[in-house]
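In case you want the letters, here they are:
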Amino acid sequence: MVYEGEHLLIGQMGHFFALLSFTASLVATFSFFKATRASNPEEHNSWKKLARISFFIETVSVIVIFALIYTIVYNHYFEYLYAYKHSKRSLPVKFLLSCIWEGQEGSFLLWNFWHCILGLIVIATAKKWEAPVMTLVSLGQVFLASFLVGIYFFDVKIGSSPFVLVRNEMPFASAPIFQDPQYLSKYWRDGNGLNVLLQNYWMTIHPPVIFLGFASTIFPFSFAFAGLWKKDFSGWIRPAMPWALFSAAMLGIGIMMGAAWAYESLTFGGYWAWDPVENASLVPWLILVGGIHVMLVNQSTGYSSKAAYWFLFLNFLLLLYSTFLTRTGVLGDTSVHSFTGEGDSLFWHLLLMMGTFAALYIIMYFKNQKHIPVLKKEEDISSREFWMFVGALVFFIAAAYITFYTSLPVLNKIFGTQKAIGEDPEYIYNRVMILIAVVLGLLTAITQYLRYKQTPRSFWMKKLIVPTVVALIISVAVSAFGGITYNKYGIGYLGAIHLALFAAVYAVIANAAYIWSGLKGRLKAAGGSVAHLGFGMVLVAILITSSKKEIISINRTGIIIPGLIDPKGKEDSGLENVTLIQGVPTPMGKYTVTYQGDSTHPGDEKLYFRVNYVRKDSASGEIKEHFNLYPDAFLVKGEGGRTSLSANPDSRHYWNKDIFTFITSMPDPSSIKDTASFKNRPVKAGDTVFYSKGFIVVNQVIEANKNTNKDLPLVDSAWLADVTVYSSDGRTYKASPALFSKDQAPLPKLDTVMSQSLVLQVNKTESGIELGVKESSAVMKYITLKAFQFPFIGMLWLGVIIMTTGFFMSAWHRARRVRG
Amino acid sequence: MKRTHIIALVLIAAAIAYMLVTMSKDLTTYDTIASARQKQGQYIHLIAKLDRSKQIEYNPVENPNYLAFYAVDSLGGHTKVVYHSAKPPELETSERIVLKGKMNGEVFDCKEILLKCPSKYKDDPAHQEKDLEHKMQDY
Numbered sequence: 001m002v003y004e005g006e007h008l009l010i011g012q013m014g015h016f017f018a019l020l021s022f023t024a025s026l027v028a029t030f031s032f033f034k035a036t037r038a039s040n041p042e043e044h045n046s047w048k049k050l051a052r053i054s055f056f057i058e059t060v061s062v063i064v065i066f067a068l069i070y071t072i073v074y075n076h077y078f079e080y081l082y083a084y085k086h087s088k089r090s091l092p093v094k095f096l097l098s099c100i101w102e103g104q105e106g107s108f109l110l111w112n113f114w115h116c117i118l119g120l121i122v123i124a125t126a127k128k129w130e131a132p133v134m135t136l137v138s139l140g141q142v143f144l145a146s147f148l149v150g151i152y153f154f155d156v157k158i159g160s161s162p163f164v165l166v167r168n169e170m171p172f173a174s175a176p177i178f179q180d181p182q183y184l185s186k187y188w189r190d191g192n193g194l195n196v197l198l199q200n201y202w203m204t205i206h207p208p209v210i211f212l213g214f215a216s217t218i219f220p221f222s223f224a225f226a227g228l229w230k231k232d233f234s235g236w237i238r239p240a241m242p243w244a245l246f247s248a249a250m251l252g253i254g255i256m257m258g259a260a261w262a263y264e265s266l267t268f269g270g271y272w273a274w275d276p277v278e279n280a281s282l283v284p285w286l287i288l289v290g291g292i293h294v295m296l297v298n299q300s301t302g303y304s305s306k307a308a309y310w311f312l313f314l315n316f317l318l319l320l321y322s323t324f325l326t327r328t329g330v331l332g333d334t335s336v337h338s339f340t341g342e343g344d345s346l347f348w349h350l351l352l353m354m355g356t357f358a359a360l361y362i363i364m365y366f367k368n369q370k371h372i373p374v375l376k377k378e379e380d381i382s383s384r385e386f387w388m389f390v391g392a393l394v395f396f397i398a399a400a401y402i403t404f405y406t407s408l409p410v411l412n413k414i415f416g417t418q419k420a421i422g423e424d425p426e427y428i429y430n431r432v433m434i435l436i437a438v439v440l441g442l443l444t445a446i447t448q449y450l451r452y453k454q455t456p457r458s459f460w461m462k463k464l465i466v467p468t469v470v471a472l473i474i475s476v477a478v479s480a481f482g483g484i485t486y487n488k489y490g491i492g493y494l495g496a497i498h499l500a501l502f503a504a505v506y507a508v509i510a511n512a513a514y515i516w517s518g519l520k521g522r523l524k525a526a527g528g529s530v531a532h533l534g535f536g537m538v539l540v541a542i543l544i545t546s547s548k549k550e551i552i553s554i555n556r557t558g559i560i561i562p563g564l565i566d567p568k569g570k571e572d573s574g575l576e577n578v579t580l581i582q583g584v585p586t587p588m589g590k591y592t593v594t595y596q597g598d599s600t601h602p603g604d605e606k607l608y609f610r611v612n613y614v615r616k617d618s619a620s621g622e623i624k625e626h627f628n629l630y631p632d633a634f635l636v637k638g639e640g641g642r643t644s645l646s647a648n649p650d651s652r653h654y655w656n657k658d659i660f661t662f663i664t665s666m667p668d669p670s671s672i673k674d675t676a677s678f679k680n681r682p683v684k685a686g687d688t689v690f691y692s693k694g695f696i697v698v699n700q701v702i703e704a705n706k707n708t709n710k711d712l713p714l715v716d717s718a719w720l721a722d723v724t725v726y727s728s729d730g731r732t733y734k735a736s737p738a739l740f741s742k743d744q745a746p747l748p749k750l751d752t753v754m755s756q757s758l759v760l761q762v763n764k765t766e767s768g769i770e771l772g773v774k775e776s777s778a779v780m781k782y783i784t785l786k787a788f789q790f791p792f793i794g795m796l797w798l799g800v801i802i803m804t805t806g807f808f809m810s811a812w813h814r815a816r817r818v819r820g
Numbered sequence: 001m002k003r004t005h006i007i008a009l010v011l012i013a014a015a016i017a018y019m020l021v022t023m024s025k026d027l028t029t030y031d032t033i034a035s036a037r038q039k040q041g042q043y044i045h046l047i048a049k050l051d052r053s054k055q056i057e058y059n060p061v062e063n064p065n066y067l068a069f070y071a072v073d074s075l076g077g078h079t080k081v082v083y084h085s086a087k088p089p090e091l092e093t094s095e096r097i098v099l100k101g102k103m104n105g106e107v108f109d110c111k112e113i114l115l116k117c118p119s120k121y122k123d124d125p126a127h128q129e130k131d132l133e134h135k136m137q138d139y
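Top line first, the protein sequences correspond to chains R and H. If you read the first sequence in my numbering, its first letter stands for residue 1, the second for the next number, and so on. If you read the second sequence in my numbering, its first letter stands for residue 1, the second for the next number, and so on.
Same shape as in the complex, but just chain R (with noise of 0.2 Å):
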């Protein structure tokens, strides 16, 4: 059968240029193997060029899929299965590329892609490194290539192809419509859809980032190897070290950016919740800064050698296996965002990859232990590297026990348990990573100041005072001053939360302080310090927000959850929901809130929901502060025409707090049906009607018509009923329902009482008017909320920042002297 409409061609290039990746990474691997064994510079020459010119066919096929696949998504054509589950014609163009990541497919072409540019800047750069570095990276490539082909290779499945069309797919291959060649034209017109979630501008820029970290992580890895390999023990550090610098800027502003997605679009409330899938990418970053430093020691003074293979080893596999977590659905119930896997191919594949490499680096590291040199003489207890080497391995500790619990899953898989993180995850992993930080920010602070090899006493007792003193005065003034009273957890936790901020504060002071005094000020080489103030900032700010996040939407109904316990200690209510009824301010924390609508705007999906709040001085009603969020949700239509809410957050920002919004529930549009009447009664001014929940009172009637009121706009005659409605509950509320008539046509302006269900109006009668009364939860619109205060905030994304930058300075200062 020929179908209609199709776009065959793209497809089959496709296939073409995966398998042509596919096989041109083998050459590539073979031939720079064949390179680095070459003894003869002819040879090696001569594999070189063949080596090189595969990997940049491989770099060409690479970017070629992803320009097709862009195309198929670009263009809408819903026969391939790729754009069908991943867009949809509606979807702004800005989404699109966020389509292709987030297929399963998208995000290992985009690890390959970054593969293929990294490994140029290799061949262009790292001269007799080039041929065993690439030997692994362009396996790696072998590995990243084979998820994207979708071959059957007796009877197994090897990767999935993005090029595949739906009417080869099951369940859509049985379906009758396929047997209608114009199906494309009749039935298979639009595609499913970008999962909301991931319509946010940060997906389209944090997979590339978070992913050119991960792409990365296999160069230092290489490096490593090729210093096993070429027997250089000590020579492969040094142009790693950039690449190792690189990759850590790349990893940790990708996963920072991955929180800042969290708290700007996911309604967990905050930008960390130790999620298998955070925890997950957290780990290579806390080892690969851990193996940075030791790489450090080892090339400033000989320690350290063998623990620098480790370090960098433990990275790379780490990172494989924090893809396999996420990827391949083994995580299953214990996470909220893991990716559904493609299932048992993809969990083998995977576990092959990162068996191949975890025997290889094994089999080449016992292979060349002996020759490794090893100093015997111990490091002094003064010197900075004994000290580095104790932070590196504080990073191993943070890292293995995030690992172990983040595992829980798997070791659930292999034992055959039953096992689950307890009742409360967050604490388990703070209450451990609070005295990781106490000591890091101490080494932070100190080891900077020590000198390689031994530090006399009253060097850097001299030069640490003054910076000791001055972070000892700022951290007690903020712990004095700062309202940190977070004792939900006794205290003990408390204290360390205190010295905890001092480690940190004095990271930050003493970081700056060196970049003045130890260096001198001297820029260029003072990445390491400037990374080192960010991490301090970093660690205050997550101290800080941590510990005063305030959730202002509780509930201060009078009910009393027992056990519940809130974070300053007391009895809790628990209850962090408030239900805003359109129209009624309602007081929340030292706000006053109002919902004031909704609305959406043409070519947005989403459903924007006006909050107002209002501070006002509790003495003089002087208003202190007013704003507006705009909270957002998407209308997701589910099973049986029910319309589900997926909500995103606002914010209001100020220098030193966030204010932090979110939709958690509103009635269904869908399923509100107006049943109720009219009741009309004859009134005239002064009289009373009685409703459900109080009574309405006629204040006066206005009748007017065009030949007694010259004002009157637009209409012939008009009659108005001024009321007041009391409320049982004491409240009043004004009202003014109406009756307009145009060319002998009746226009009735309906008034309502949002807070107690009224609709009013106003019919004409012989003899005079009647109020009609309606009562209707139809007409009540109300959205329930959370809110949460913030402090500090701004001052995580700064020390994100700055930290980067301390990467980057240091990784470009040291590629230069490696190149110089």
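The set of hints was computed from the structure by calculation and includes no laboratory data. There's no promise every hint is true.
To be verified - From the derived model, a few chain R residues whose C-beta atoms are all more than 10 Å from chain H: (1) Ile381; (2) Trp460; (3) Gly583.
As the list claims (entries may be wrong) - Below, in silico cross-link-like pairs of lysine-lysine (BS3-like), each with a Cα-Cα straight-line distance of 27 Å or less: (4) Lys377/R / Lys2/H; (5) Lys49/R / Lys231/R; (6) Lys116/H / Lys419/R.
Since this is a predicted model, take the numbers as computed values, not measurements. Beta carbons are placed, not taken as given, at the ideal position from N, Cα and C, and that holds for glycine.
With chain R held as given, fit chain H onto it using these hints.
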């Protein structure tokens, strides 16, 4: 042995010891509704489904922090669940729910709800076929 090695060993040993000591407190188990009834007041994870034959009780106007519904599990267990927060929007469409909390008499007092929803195309071929039939009938 070098000093760094000793520190390394001590730190790692301390970490392992710490984990072993705290493990029993920090870890909990996945349970069925029947086994959860035996563990009154203990924090556990339930894997269950929404009982669609019963009403979901949630009235945000009266109390936005009270949700009650019934859950069933694959072994036929049946329990009322109370959750003191807003109703997760996808509750009705969820195909599986992980409930974290404590059994309190006959009622499961839930602190956290994780929903597994059928994504539109990936998980549920049967549902997908139904969808396709609809597509045909629409024209």
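Do the hints match the structure? See the list:
Not every beta carbon of chain H lies more than 10 Å from that of Ile381/R, the smallest distance being close to 7 Å; the non-interface claim is violated. With a least CB separation of 19 Å from chain H, Trp460/R remains clear of the 10 Å interface cut-off, as annotated. Every beta carbon of chain H lies more than 10 Å from that of Gly583/R, the smallest distance being close to 14 Å; the non-interface claim holds. Distance check on the hinted pair: Lys377/R and Lys2/H sit about 8 Å apart at the alpha-carbon level, within 27 Å; holds.
Straight-line distance between C-alpha atoms of Lys49/R and Lys231/R comes to about 24 Å, which keeps the hinted pair within the 27 Å bound. For a cut-off of 27 Å, the pair hint linking Lys116/H to Lys419/R stands: about 19 Å separates their Cα positions.
This entry does not satisfy hint 1, going by the numbered hints stated previously; all others are met.
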